[in-house]
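Each chain, written out:
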Amino acid sequence: MQNNVSPGNKKRPVLLTLIFGAISISAYLLLFMNEEWVMNNFTKGNWYAVYPIVTAFFFSFVHGVFASYFISTLGLEEKK
Amino acid sequence: MKRLILVMLLALFSMAYLNTVLAGGAPPPKDLLTGRFTQVDSRNRTAVFTKEGNKESQVLVLSVSMTEDNIPINKKVMVTLDKETGGNVIKDISIMFMDMTLQKIIALMVIGLVGGLLSGFIGSGGAFVLTPAMMSLGAPGAVAVASNMCHKFPKAMVGAYKRYKYGQVDLKLALVMAATAIIGVQMGVQVQKNILENWGNAGSNLYVSVVFVFVLIIVGGFVSYDAYKLLKNRHIEGGQKVPKMAESLMKLEIPPMMEFKVAKVRISAWVTIPIGLATGMLAATIAVGGFIGVPGMIYVVGASAVVASATELGIAFIMGAWGSIQWGLSGLIDIRLTLLILSTSLIGVQLGALGTTYVKDYMIKVVMAATMLVVAVSRGAKIPGYLSDIGWQDALDANLVFLLNNISFWALVAALSIAGMIITVAMIKGIVAHRVVGDS
Numbered sequence: 152m153q154n155n156v157s158p159g160n161k162k163r164p165v166l167l168t169l170i171f172g173a174i175s176i177s178a179y180l181l182l183f184m185n186e187e188w189v190m191n192n193f194t195k196g197n198w199y200a201v202y203p204i205v206t207a208f209f210f211s212f213v214h215g216v217f218a219s220y221f222i223s224t225l226g227l228e229e230k231k
Numbered sequence: 002m003k004r005l006i007l008v009m010l011l012a013l014f015s016m017a018y019l020n021t022v023l024a025g026g027a028p029p030p031k032d033l034l035t036g037r038f039t040q041v042d043s044r045n046r047t048a049v050f051t052k053e054g055n056k057e058s059q060v061l062v063l064s065v066s067m068t069e070d071n072i073p074i075n076k077k078v079m080v081t082l083d084k085e086t087g088g089n090v091i092k093d094i095s096i097m098f099m100d101m102t103l104q105k106i107i108a109l110m111v112i113g114l115v116g117g118l119l120s121g122f123i124g125s126g127g128a129f130v131l132t133p134a135m136m137s138l139g140a141p142g143a144v145a146v147a148s149n150m151c152h153k154f155p156k157a158m159v160g161a162y163k164r165y166k167y168g169q170v171d172l173k174l175a176l177v178m179a180a181t182a183i184i185g186v187q188m189g190v191q192v193q194k195n196i197l198e199n200w201g202n203a204g205s206n207l208y209v210s211v212v213f214v215f216v217l218i219i220v221g222g223f224v225s226y227d228a229y230k231l232l233k234n235r236h237i238e239g240g241q242k243v244p245k246m247a248e249s250l251m252k253l254e255i256p257p258m259m260e261f262k263v264a265k266v267r268i269s270a271w272v273t274i275p276i277g278l279a280t281g282m283l284a285a286t287i288a289v290g291g292f293i294g295v296p297g298m299i300y301v302v303g304a305s306a307v308v309a310s311a312t313e314l315g316i317a318f319i320m321g322a323w324g325s326i327q328w329g330l331s332g333l334i335d336i337r338l339t340l341l342i343l344s345t346s347l348i349g350v351q352l353g354a355l356g357t358t359y360v361k362d363y364m365i366k367v368v369m370a371a372t373m374l375v376v377a378v379s380r381g382a383k384i385p386g387y388l389s390d391i392g393w394q395d396a397l398d399a400n401l402v403f404l405l406n407n408i409s410f411w412a413l414v415a416a417l418s419i420a421g422m423i424i425t426v427a428m429i430k431g432i433v434a435h436r437v438v439g440d441s
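Protein sequence lines, in the order shown, are assigned to chains A and B. Residues 152 to 231, numbered by our numbering, are exactly what the first sequence covers, in order. Residues 2 to 441, numbered by our numbering, are exactly what the second sequence covers, in order.
The hints are simulated quantities; they were obtained by calculation from the structure and are not laboratory data. It is possible that part of the hints are untrue.
Said to hold, decoys possible - Taking beta-carbon pairs under 7 Å as the criterion, some of the chain A residues facing chain B (in silico):
no. : residue
1   : Lys162
2   : Thr194
3   : Pro203
4   : Phe210
5   : Ser211
6   : Val216
7   : Ala218
8   : Ser219
9   : Ile222
10  : Glu229
Just so it is clear, the structure is predicted and the values come from calculations on it, not from any experiment. No residue lacks a Cβ here, since even glycine has one placed at the ideal position from N, Cα and C.
Let the sequences and hints guide you as you build the complete structure.
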């Protein structure tokens with residue numbers, strides 16, 4: 152999240168994009184490769200509700216940070 | 002940032018508490034059985050059913066129109082029982098979690114991207130197309146609503162965080178609106194329950210569609226009129242004007258008065274309460290509270306479109322998280338659907354948020370008005386079908402049903418494409434103009 156640089160001549164966070172991208176893809180692969188276990192345990196209701204909620208939080212953090220770096224890497228920054 | 006997270010978490014827990022106090026109106030359907038069929042007896046037309054989380058089995062009777070092939074063995078299903086015939090006759094079975102194919106994955110990702118873009122830009126959006134889209138891919142209604150809800154709160158959280166950084170979110174307004182909106186949701190659920198009891202599913206569908214079309218045409222029409230005026234006068238300098246209605250409401254000195262610093266508004270709590278309630282009631286009815294919340298914050302409370310749409314993301318986070326807990330307790334969230342949509346909507350929502358820093362305030366109103374009016378067409382096309390379902394009109398010709406369904410579907414696609422295109426073009430124009438100025 153390179154906020155203190157003006158558009159056009161900033162350092163793009165390529166490495167961070169790749170790192171968070173890799174973590175995010177691994178998390179997606181892990182979940183979908185264990186699809187059966189996940190679907191059985193995430194949908195039991197009651198206290199098991201923690202599974203989908205925490206998972207959604209986790210992905211929103213990891214994938215959200217990746218998306219943010221990815222957009223910066225593309226050279227898109229907000230107008231100051 | 003710490004303050005933002007703290008306030009949001011505090012709000013979240015207080016909402017969960019409030020809900021237990023107001024218990025009884027939770028959104029997940031309670032008359033559904035979820036579990037698995039373990040055996041079918043074709044001679045006696047019965048099936049053995051084991052409820053989720055419960056080792057005891059019960060014997061259910063197949064309805065007249067069912068054969069043993071209709072009973073999926075050892076798959077998680079939702080069963081509705083026919084109450085009129087004694088309580089253990091199966092009325093309807095739906096497989097809860099569909100098999101994923103590449104086409105479905107791509108479809109979910111494309112809708113996620115555009116839904117996210119819209120959400121980041123106008124504060125809400127996506128739900129009105131994501132839920133029907135998931136249903137047409139094969140998810141039962143309740144699972145589609147639950148999975149959409151669980152995708153909404155992380156997306157809104159990321160969007161709200163971005164726009165908070167841009168200084169656009171009024172946290173206090175978000176909390177006040179969310180607290181009243183949750184009460185509004187309970188009221189909306191009660192209305193729905195009454196309608197369901199008196200007029201059945203057809204009546205409920207009709208009610209939802211009529212409210213949808215009515216609200217979207219009135220509010221969407223008003224926003225487009227305002228956007229048109231602003232568009233015409235866009236070259237006139239003088240900054241953003243506070244709408245007349247909000248201006249006169251601000252003069253009302255009925256305590257308690259509330260001051261919203263980011264929105265730059267001082268207004269009586271009695272003005273914000275009805276807006277919050279209406280947002281919640283609409284959220285409970287059509288799943289998109291923002292269609293009332295954002296225009297309400299602009300025209301009644303007096304916030305700018307940028308602040309209103311950003312604040313709506315904060316409200317959506319609180320309400321989405323609260324709703325997800327409710328749906329999660331019933332075990333109806335299909336996390337695969339949620340995460341596939343999130344994979345692109347988290348990119349879309351940040352692009353949309355970024356876009357708001359490059360466009361003038363009226364562009365947000367233009368996109369909102371365009372989306373609302375096209376979605377109204379989509380829902381309007383469903384009304385004749387529901388009118389005949391309820392028996393207020395003769396059965397429709399099969400060709401007409403096909404045509405109306407097509408209109409409804411393509412109007413949704415059009416709504417998303419139009420909004421996506423306006424946002425992208427406005428954003429590119431803004432970025433290019435900014436760079437030209439920056440370079441010179």
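A quick look at each hint next to the structure:
no.	hint	result
1	Lys162	17 Å, violated
2	Thr194	4 Å, holds
3	Pro203	4 Å, holds
4	Phe210	6 Å, holds
5	Ser211	3 Å, holds
6	Val216	9 Å, violated
7	Ala218	4 Å, holds
8	Ser219	6 Å, holds
9	Ile222	6 Å, holds
10	Glu229	4 Å, holds
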